[in-house]
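Student: FYI, in mature numbering (1 follows the signal peptide of the UniProt record, and there is no 0) the residues of the sequence shown are -21 to -1, 1 to 82.
Possibly wrong hints are sitting among the right ones.
Unchecked claim - With a straight-line cut-off of 27 angstroms between C-alpha atoms, the simulated BS3-like cross-links for lysine-lysine are:
| no. | residue 1 | residue 2 |
| --- | --- | --- |
| 1 | Lys59 | Lys14 |
| 2 | Lys80 | Lys14 |
| 3 | Lys14 | Lys81 |
| 4 | Lys59 | Lys81 |
| 5 | Lys81 | Lys32 |
| 6 | Lys14 | Lys78 |
| 7 | Lys53 | Lys32 |
| 8 | Lys32 | Lys14 |
| 9 | Lys81 | Lys53 |
| 10 | Lys78 | Lys59 |
| 11 | Lys53 | Lys78 |
| 12 | Lys53 | Lys80 |
| 13 | Lys80 | Lys59 |
To be verified - What follows is a list of derived Cβ distance ranges for each label pair:
| no. | residue 1 | residue 2 | range |
| --- | --- | --- | --- |
| 14 | His48 | Glu5 | 12 to 20 angstroms |
| 15 | Asp13 | Arg77 | 17 to 25 angstroms |
| 16 | Val66 | Ser22 | 18 to 26 angstroms |
| 17 | Asp33 | Asn72 | 15 to 23 angstroms |
| 18 | Ser(-1) | Ile34 | 27 to 35 angstroms |
| 19 | Asp37 | Asn63 | 16 to 24 angstroms |
Hints are computed from structural coordinates only; laboratory data are not their basis. Beta carbons: idealized from backbone N, C-alpha and C, even for Gly.
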Amino acid sequence: MKKMLWFSLFFLFVLTGCALSSPDGEGVVFEVDDKRILILDFSAEPYLGSSWKDIFPDYEGSAIWLNAHSSRYKVGDRVKYWINGGVNDSYPNQGGARKVKKI
């Protein structure tokens, strides 16, 4: 009985720790492509409506293309995201989304 109690407590602790993982980043959806979204930091909000090609030369904030179900998001959505696997070190960065949550 004690083993079962300890196992249950340990399992609960592990699940709680996983659920409370902090996001890898947050920002605003700037562009939506077929199967990916471009997320820039919140400083890019004044540029919404422009294209990435237009602001790229002057923009100095963070930027990442995430493979995600793009139909769920629209330009201007504020999001938190968790990355699945590694990130290609380019500008903008590129990676897979484990989770994207609107805020």
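Student: So which of the earlier hints does this model not fit?
Tutor: 19
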